[in-house]
Amino acid sequence: MDRSVYITSTGAFLPGKPVPNEEMEQYIGELNDRRSRLGRFVLRQNGIKTRHYALTPDGVHLHSSADMAARAIRDALSRSEIAAERLSFLAAATTQGDLLVPGFASAVHGELGLRPMEIASFQSVCASSMMAFKSVYLQLKAGEHDCGVACAAEFSSRFFRPGFYAGREQEGEDSSALMETEFLRWTLSDGAGAWLLETRPNEGRRSLRVEWIDLCSYADRFDPCMYAGTSRNRAGERKPWSHYDSPALAAQQGAVVLKQDFDLLYRMFPVWAKHYLELVDRRRLRPGAIDHFLAHYSSHSLRGEMVKLLAKTGAMVPEARWFTNLYSQGNTGAASILLMLHQLIEERDLQPGQQVLGFIPESGRCVIAFMLLTVV
Amino acid sequence: MLPERTSPRDEDSPQAVLRGLSSIWLDFESQVHHIPIVRRVIERRIRLADYHELLLNHRAQVMNGALWIARAASNIGHEFAELRSRFIRHAATEHRDYLMLEEDYLKSGGDPAGLARHELNIGSEALSAWIFHRADQPNPFDLLGAMYIIEGLGKRVAAQWAEHVQSALRLEAQAVSFYLYHAKADEDHLGELEEALRCGILNLPRMAPRILKTARVTARLYRLQLEEIGSY
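Residue numbers (my numbering), protein chains in the order written: chain D, 1 to 376; chain Z, 1 to 232.
Hints listed in this document are in silico derivations from the structure and should not be mistaken for laboratory results. Possibly wrong hints are sitting among the right ones.
[To be verified] No farther apart than 30 Å at their CA atoms in a straight line, the calculated lysine-lysine pairs in the DSSO-like style are these:
no., chain 1, residue 1, chain 2, residue 2
1, Z, Lys107, D, Lys308
2, D, Lys312, Z, Lys213
3, Z, Lys155, D, Lys312
4, Z, Lys184, D, Lys308
5, Z, Lys155, D, Lys308
[What the hints assert, rightly or not] Far from chain D, by Cβ distances over 10 Å, these chain Z residues were calculated:
no., residue
6, Asp50
7, Ala60
8, Ala92
9, Ser108
Glycine included, every Cβ here is placed at the ideal spot set by N, Cα and C.
Based on the provided sequences and hints, a complete structural model is requested.
Here it is in structure tokens:
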């Protein structure tokens, strides 16, 4: 029996007011002039105009990740046609949760306060929400549940406060070494999103039928690229933070800070392109027929060479159909794609039969995810 | 479960073949990074002896390259005379490129006696034997797939190799001229291939899948050739 699965509702939680570029440092704190200059450079590159922080300008924490995820789920439930009690499966995703132990889904369920239910925790980077989404999709498809929710929350800004860079004030590093940490500091921000899935579509509102979710790891050919919990020593070796003599020592030696390796990142673009070109044939995708392309990525960062390759191979979704929340909501990691679909539904009058393609590359250790939805 | 096809898919269209070739190439490029000698080049841990082995290995390959392209040309039928001209021009352009490699070898301090050795490494033996076999078939246009893989490496990776070899071994630019030249000879690689694919060859029976298979075999054997540098 074919059990189709539908996204019947979406929810969002973005903490506080939108923070413009010139006020960012009040929230994440000032480290030094060189880093501030790099920050302005990063902002020109990523094009982000506003974002949200779950902090006050003085660094007081207003929420936890679990609390933001629970709020996004409540928002999705409040827009749905079902009673909250029907929910029997919760999949929660994040890059770095509030606690080291136990799992993030337990924390979200606790905050949510709904009845006992099956849960699953997913910890990766931007694609973790797609792992959660696929888990809900398959649980429903397999007949284990009729209604489940996938959620993701990120509270990156707390890790960007000056205290997390303690012991690194005396840096004589070159700009490229600083860029490893500064790029993410000026790119990532906070928020949560949730999608409610059911085995039947809405009666009075539009739903999105899930056609497929495609996710693949290329960690067989990449070292960690966006990572926290380790630092490379001079010999290029990486020691996990847990192998230092003390957590304090690990932090002091920069093992806790979130970092991005740009050499590896640039090597991932062709791998993602390869995966996509194969997917076009494997999934019989018609890029020209896609109505809305949700990319956790900006079309501006595609280099000319790549655009040419995609165009010549008939794989490019016309740029006018790209949709992103990057410039107004910033990069909220795993929550980004969940928030993006929420915004698409709010802003666009989706018509039955329209196709939505989602693209979620994760630089963590090279993961790529795609999803295809049909409006019903 | 896959969704129903919404329209018949044209697997033999130039776009589909380019898509297949590009994905084979992109996969190849990322796997090449893991071959020990390439890793040493990229991480600037290469030694002069490695560079010399690399040059001699490439010389054998470049010498053979012009020969199999010429042989392929001689097996192209008269109905594809335009493409045959293109193969012949291609072979003519490249058939003396190996001299550049010899100069790089000597300029970087290679022993002149080494140039007398023309033995193929284990991987090159396999690639060479197989590719000449393909070139012997009638209308061997599947070799366009092989050229796309081999030339792609020159156009997209050679500049990086040149830079890393040069800085690791503190060589002058004249000692890495072959890699620099191939990176700069940046013709419209994809455009040319597309043009060739539009010459009617895709109407030949099973040509589209054969092009892709030849590209895949070339990519695998090319990696083998790099993996076996120094083993004869």
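Quiz prompt | Structure-inconsistent hints, enumerated in ascending order | solution = Per hint list: single violation, 1.
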